[in-house]
Amino acid sequence: MTGPSPELLVLLALAIPFAGALAVAALGRWPNLREAATLVTGAALFAVVLTLSAAVFGGARPELAGLAVAPGLALAFEVEPLGMLFALVASGLWILNSIYSIGYMRAHDEPRQTTFYVCFALAIGSTIGIAFAQNLFALFLFYEALTLSTFPLVTHKQSPEAMRSGRLYLLLLLGTSMVLFLPAIAITWALSGTLDFTAGSLLAGKASPLVIGALLGLYVFGIGKAAVMPVHFWLPAAMVAPTPVSAFLHAVAVVKAGVFSILKVVVYVFGPDALRIGSAGEWLVWVACASLLLGSLIALRQDNLKARLAYSTVSQLAYVVVGAALATPAALTGAGLQIATHAAAKITLFFCAGAIYVAAHKTQVSELDGIGRRMPITMTAFFVGSLSIIGLPPLGGLWSKWMLGVGAMQADAGWVLGVLMVSSLLSAAYLLPIPVRAFFAPSPEPPSEPVRIQEAPLPCLLALTVTAILSILLFFQAEPIAALLRGVPGAG
Amino acid sequence: MELLISFALFTLLGVVTVAIVSQRNLVAVVILGSIYSFLIASVMVVLDAVDVALTEASVGAGISTVLLLAGLKLTRTRDYRGQDPNVVGALLAIAVGGALVWGSLVLPPFGAPDAPIHQHVAPRYIEGAGTEIGVPNIVTAVLADYRGFDTLGETTVVFVAGMAVLLLLRRSSLQSAPPSDDEQPAMSGDLVLRVGTKLILPFILLFALYVQFHGDYGPGGGFQAGVIAASAVILLGLTLGLRRARRIAPPALAHAMIPLGVLIFAGTGVATMLLGGDFLEYAVLAHEAKEGHHLGIMLVEAGVLVTVSGTMISLFYAFVERGR
Amino acid sequence: MDLINAALSKYVYVVTIFLMVAGLFVVVARANMIKKLVGLSIFQSSVYLLYLGPAKIFGATAPILDSDYTAYSNPLPHALILTAIVVGVGTMALGLALVVRIHEAYGTIEEDEIFEEDGEE
Amino acid sequence: MTVLAAQLPALLIVLPLIAAALVALVRSDRVAFAITLAVSLVLPVIAALLLHRALVAGPISYQLGGWSPPWGIEYRIDVLNGFVLMLVSAVAAVAAPYARRSLAAELGDGHATFYAIYLLCLTGLLGVTITGDAFNVFVFLEISSLATYALIAMGRHRRAALAAFQYLIVGTIGATFYVIGVGFLYLLTGTLNLADMAQRLAALPDEQSRAVLTATAFITVGVSLKLALFPLHFWLPKAYTYAPSWAAAFLSATATKVAIYLLVRFFFTVLGVDVVFDRVLLALSLAGMFIASVIAIYESNIKRMMAYSSIAQIGYITLGMALSNKAGLTGALVHLLNHAVTKGTLFLALGAVALRLGSVKLQDLAGLGRRMPLTMGAFSVAAFGIIGTPGTAGFISKWYLATGALEAGEATLAFLIVASSLVSVIYMGRVLEVTWFRPPSPLALQAKDPPLSMLGPIVIFAAASVYLGLDTRGSASIASLAADQLLGARP
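Protein chains in written order, with our numbering: chain G, 1 to 492; chain X, 1001 to 1324; chain L, 2001 to 2121; chain Y, 3001 to 3491.
Simulated from the structure, these hints should not be mistaken for laboratory data. Keep in mind that the hints are not guaranteed to be accurate.
To be verified - DEER-style ranges, computed between Cβ atoms:
no.	chain 1	residue 1	chain 2	residue 2	range
1	X	Glu1288	Y	Val3003	16 to 26 Å
2	X	Ile1094	Y	Leu3204	20 to 30 Å
3	X	Arg1247	Y	Asp3109	22 to 32 Å
4	G	Leu22	Y	Val3294	37 to 47 Å
5	G	Ser366	Y	Glu3433	30 to 40 Å
6	Y	Ala3203	X	Glu1288	38 to 48 Å
7	X	Pro1123	Y	Leu3204	19 to 29 Å
8	Y	Val3294	L	Ala2007	46 to 56 Å
9	X	Asp1114	L	Ala2007	12 to 22 Å
Said to hold, decoys possible - Here are the simulated DMTMM-like cross-link-like pairs (lysine to aspartate or glutamate), alpha carbons at most 25 Å apart as the crow flies:
no.	chain 1	residue 1	chain 2	residue 2
10	G	Lys157	Y	Asp3484
11	G	Lys157	G	Asp303
12	X	Lys1073	L	Glu2104
13	X	Lys1073	L	Asp2066
14	X	Lys1290	L	Asp2068
15	G	Lys362	G	Asp303
16	G	Lys206	G	Asp196
17	X	Lys1290	L	Asp2066
18	L	Lys2010	X	Asp1114
19	Y	Lys3326	Y	Asp3484
20	G	Lys206	Y	Glu3410
21	X	Lys1290	X	Asp1114
22	G	Lys362	G	Glu110
23	X	Lys1073	L	Asp2068
24	Y	Lys3361	L	Glu2116
25	X	Lys1073	X	Glu1321
26	G	Lys206	G	Asp273
27	X	Lys1073	L	Glu2117
Virtual Cβ for every residue (Gly too), placed ideally from N, Cα, C.
Working from the sequences, and respecting the hints, build out all of it.
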């Protein structure tokens, strides 16, 4: 095919967001132009990633040889299926996220919006870097870049509370990455002599199972973004951030980047075979399942809507870790799918939460009785998102849960399947009541006054509708993604 | 005979050192130090190092002593309470000494003409001083020509030290208040001294000039001359009072001389560069190489003289004036 | 004769090293700063001998060309030590200036007293 | 033009010297600063030309006085000291604009002489690096040392003079040790030219190897006193804590580095150092890395904390020397540059803090991040550099060091290198936590970023410490070239 070479596309995908950040900073004085810059950036980025995906679907593995920093240490990039999927999800949702942000930020006329959008662009850029990283070094660099660029977003309000949780956010993520992740990388390199992501195991036969297990631990908890318990505190704390940011953290980039990194490490560093049940990696299945159940249980007891959603994320993304830990073909596919489906569903839910806050200034679940009659579209979308999270047809969530279940069977770990079932029930228990009460419970206001539709601003509404539809599409269009994921070594 | 003297001198040296180590009265320490320098100087003569001897005599016994006494005066220290013997220090020093003995036993013996240092580089100097440079005093030839750049460095060290002391001790501006008339110079009471000084001054300066310009033929050179010239001013200041000294050698001038000498020295080097030679390659200064060397050596020695005398005088002023 | 020469050459070594040890000891062991400086100059002057001693050749004369002599002692160490002496006096002057400043600041030049005064850090 | 090119080695030393003399003649601070700045900006250009020529055309030899070595003094520039010359002059150039405001604040007016002494210090450092003559090294070492004592003594705190005096004693002992060592080598070989010396030492009969060993010991100890190798570091924290901020930054970035260069030069091109020295050096380096870092954790005066961190960082460099394989040596050499840039940032930033707050105590820095964002931002970047985060210069050094350790089959050593940077996470993290997340201290409340002349250098250094973490063509590749030459030449 003609058109730009894959290398150029990769370069563009990495460059556009940072160029966009500059543009936004330059246009800061004219809000309309500034927002336009953000949207153009998003559109351009998505277009590039989409074109790139065409090649990757075709089985190509575009590379970009960056600069060699030291022998065996290069800032290089290679697009493989997992990264492609992550990039697609992130860049795609980022557009909607931006549209939503514009509506949200303007409705609240928040201060420091320019800084906000600049960091926003930097963050998506870092995310793309993580997705396309060809080795642990590049991955780590952009991982840290993502932490630093999202910090101003989390502390956007700059209230004492915001600063407190911002501090937790930074210290926990940086701390774990410095003290666990980085040494893990060093050890990997000391053992294998390379940091490149290559099909098959870097460590096979190079280390005792004990070392492998310990190393896996360093990675799983060093990659604090994955919010595997007990390093999940930062996530609920970070909900003080404006809703668009929460959506970005939970659905688009940050936590996703975490689980994605773990998935990538499992597939390309340890190699799936190293971590099957009964191997040194087995403990991870247990930890992940525990994280998964505890997350749901805690979510049940949250009255604050965003807090409930936050713990739901902790639980839902533990699914991905479970998939990685099981490391059977179906499980890996399921993990990949879960990244996509959960993204679409969870972003919908957060958009709705934000919409409710903007339109009705309500944050507690208990306040939502009857609100569905005032915000039908929003609450319908919320309902759709919930179903996808729970994993019911006709929604994308079904497939990821399904494949994970199959994966569990492949690893003949039936009990994992049980855990997944229970967790789905739990998620139904903490999500479904919300739309139900919103539609059917009597609203606290006296019924005398007529109920009038009072939705959030149009951009918000638009964004959450699209994402809701997206979750439905994922049910019918899951096959291409699955096909893409079969390209992942060990998932075929 | 010579040997006997050598043995005696070395022994004395050891004895004086012991005295210095054990002596608590600091004035005594300083005086002993001065004696020590004289002894070393004599030892140097015995070792054929006449230029070094002259330098050590003028610096060690002269300037250093004056500076130390000034330091004592400023810090109003006479002697200090003795302290319990410092075992660590002793062990450390002995360890170092041990290492030295251990290593030096295999060094080539003294006095033997076949030692590497007499075989390898030196012969060229002894040859060339006459043929290449035309300066009888080989040390001067090495100092000012073969290794002239070291001497530039040495002058720079003097420059740094002078500037540093001025920076540290100078009160606010360069001209501190001129001493009032009623101030009593250190020893102005003594008529003999006053007259004696007046009489001796011209001779000191004359000697300085001799040392300066005879440096090519006999022991001496810019450095020693500079110190001697400075000592004349210092003597003046001590006996006839600072005011007189200031009138003859204004501090501002002395300060200016410090960098000036370095400029002369370095400037000579730059000139040789401009004339197409390497830095300090005197040969290019004149049509005939030896002429060039003569000219170059004269210039740099002049530079050394200026910087050194300027520094020594400035040091004297700086210390004495800090006192009041 | 040679025997005595040999003896002398060893004797010079011994005295030189003794001076070194003594000087170093004074620097390290004495708290009074002026005494430290004196010790320092002894330490340095011992090095002068380390260089000058071997420069001597028995029966040779000072390195000043003279038709009566053919053998001269080695001039190079002389030149080096001349430089070293100058460096030494420069150090001494700077050291004394510092001592004066310290005395003005602390009123004493005994290191241990100063440390007692404002805490050794 | 070609004539000029041939004279560059001399000019590199003579220019600052003459400038110093001129500065000493002028009274006005402004003129003095102008001259200083001008010269500081020219020197890196010369150094760059020299380094370039050394890279493409091999070692440069310049005969001072036109006398051929070993009779005359020779300037000899190969990749190694070309690299160090570049480092020293570049650091000086970037830091120079900072001087005016900082000195005016800390010394008051009438400090023209200070510039003269600074230029002489620079002359001395460059002279030590460029020369190929053992005794010439001593002379210029003393030039830089005397100047350094004066620079330090000018600090405002009364302890400055004390620190300077103690440094003077230590430094002079060190220099004298060096002269003793050189004296031994001279008595054995009869030459002072380093290259010549190396050849003749190789040809020495075995029974005299004892004397060589003694010489090595004295030179090592003497120079180690200058480079503050643990446990000979005790003078450094005081010196850097009480020196004027600008001087502290300049010295921490250059002085110790030049001393290390000298040690490398003797170890690898002059003396055949036997394994014992390497093992001892290795042990001391490790001790320094950990002990100094641990001490830094308990420091509340950040300048002193940084000083101890410097000692630890010097440990990394000597560690790489001790490994004496290509990767290790490359790590050591590249860390000369990386640490210079990083620590330069930190000390300059602290200087700006001192200017605004008049204090560098940890508790006074609370909440400073939002008051002096650019300064503390640069500080934070450099802090990550010290920790050795990927993407910063510090990481590159440690990467090479770890590689060297593994190549030497010392897996535990590689582990210790990683572990020690975790210790630095503690003290640096502590500073960052306080400066960014604590409510502002009363002093911090009215603080703001320093004037551009000071902010510029800080930011440039910080940027460099990141750039050198990503693009290592200018640093690591040259360093590895130098390492190759050294290992090739090692007797």
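Results of checking the hints against the structure:
1. Checked against the given bound of 16 to 26 Å, the beta carbons of glutamate 1288 of chain X and valine 3003 of chain Y, roughly 23 Å apart, stay inside it.
2. A hinted range of 20 to 30 Å for the beta carbons of isoleucine 1094 of chain X and leucine 3204 of chain Y is consistent with their spacing of about 28 Å.
3. Taking the beta carbon of each, arginine 1247 of chain X and aspartate 3109 of chain Y are about 29 Å apart, inside 22 to 32 Å as hinted.
4. In this structure the hint that leucine 22 of chain G and valine 3294 of chain Y lie 37 to 47 Å apart at CB holds, the actual value being about 43 Å.
5. For serine 366 of chain G and glutamate 3433 of chain Y, the Cβ-Cβ distance of about 37 Å falls inside the hinted range of 30 to 40 Å, so the restraint holds.
6. For alanine 3203 of chain Y and glutamate 1288 of chain X, the Cβ-Cβ distance of about 40 Å falls inside the hinted range of 38 to 48 Å, so the restraint holds.
7. At roughly 20 Å, the beta carbons of proline 1123 of chain X and leucine 3204 of chain Y sit within the given window of 19 to 29 Å.
8. Distance hint check for valine 3294 of chain Y and alanine 2007 of chain L: the Cβ-Cβ separation is about 54 Å, which falls inside the suggested range of 46 to 56 Å.
9. Distance hint check for aspartate 1114 of chain X and alanine 2007 of chain L: the Cβ-Cβ separation is about 19 Å, which falls inside the suggested range of 12 to 22 Å.
10. For the suggested pair lysine 157 of chain G and aspartate 3484 of chain Y, the alpha carbons sit about 55 Å apart, so the restraint of at most 25 Å is broken.
11. Distance restraint check for lysine 157 of chain G and aspartate 303 of chain G: the Cα-Cα separation of roughly 22 Å lies within the 25 Å cut-off, and the hinted pair is therefore satisfied.
12. Taking the CA atoms of lysine 1073 of chain X and glutamate 2104 of chain L, the gap is about 13 Å. The hint holds against a cut of 25 Å.
13. This hinted pair does not check out: lysine 1073 of chain X and aspartate 2066 of chain L have alpha carbons roughly 47 Å apart, beyond 25 Å.
14. As the CA atoms of lysine 1290 of chain X and aspartate 2068 of chain L are separated by approximately 23 Å, the hinted pair is consistent with the 25 Å bound.
15. Distance check on the hinted pair: lysine 362 of chain G and aspartate 303 of chain G sit about 11 Å apart at the alpha-carbon level, within 25 Å; holds.
16. The straight-line distance between the Cα atoms of lysine 206 of chain G and aspartate 196 of chain G is roughly 16 Å, inside the 25 Å bound, and the hint therefore holds.
17. Between lysine 1290 of chain X and aspartate 2066 of chain L the CA atoms are separated by roughly 19 Å; this keeps the pair inside 25 Å, and the hint holds.
18. A distance of roughly 17 Å separates the Cα atoms of lysine 2010 of chain L and aspartate 1114 of chain X; the hinted pair therefore holds under the 25 Å criterion.
19. At most 25 Å may separate the alpha-carbon atoms for a hinted pair to count; lysine 3326 of chain Y and aspartate 3484 of chain Y meet this at roughly 6 Å.
20. With a C-alpha separation of about 17 Å, the suggested pairing of lysine 206 of chain G with glutamate 3410 of chain Y holds against the 25 Å cut-off.
21. Our distance criterion of 25 Å between C-alpha atoms is broken by lysine 1290 of chain X and aspartate 1114 of chain X, whose separation comes to about 31 Å.
22. Distance restraint check for lysine 362 of chain G and glutamate 110 of chain G: the Cα-Cα separation of roughly 18 Å lies within the 25 Å cut-off, and the hinted pair is therefore satisfied.
23. Taking the CA atoms of lysine 1073 of chain X and aspartate 2068 of chain L, the gap is about 50 Å. The hint is violated against a cut of 25 Å.
24. Proximity of lysine 3361 of chain Y to glutamate 2116 of chain L is assessed by CA-CA distance (about 23 Å); at most 25 Å being required, the pair is judged to hold.
25. For a cut-off of 25 Å, the pair hint linking lysine 1073 of chain X to glutamate 1321 of chain X stands: about 12 Å separates their Cα positions.
26. For the given pair, lysine 206 of chain G sits about 14 Å from aspartate 273 of chain G by alpha-carbon distance, which is consistent with the 25 Å threshold.
27. Between lysine 1073 of chain X and glutamate 2117 of chain L the alpha-carbon distance is near 23 Å, which keeps this suggested pair within the 25 Å criterion.
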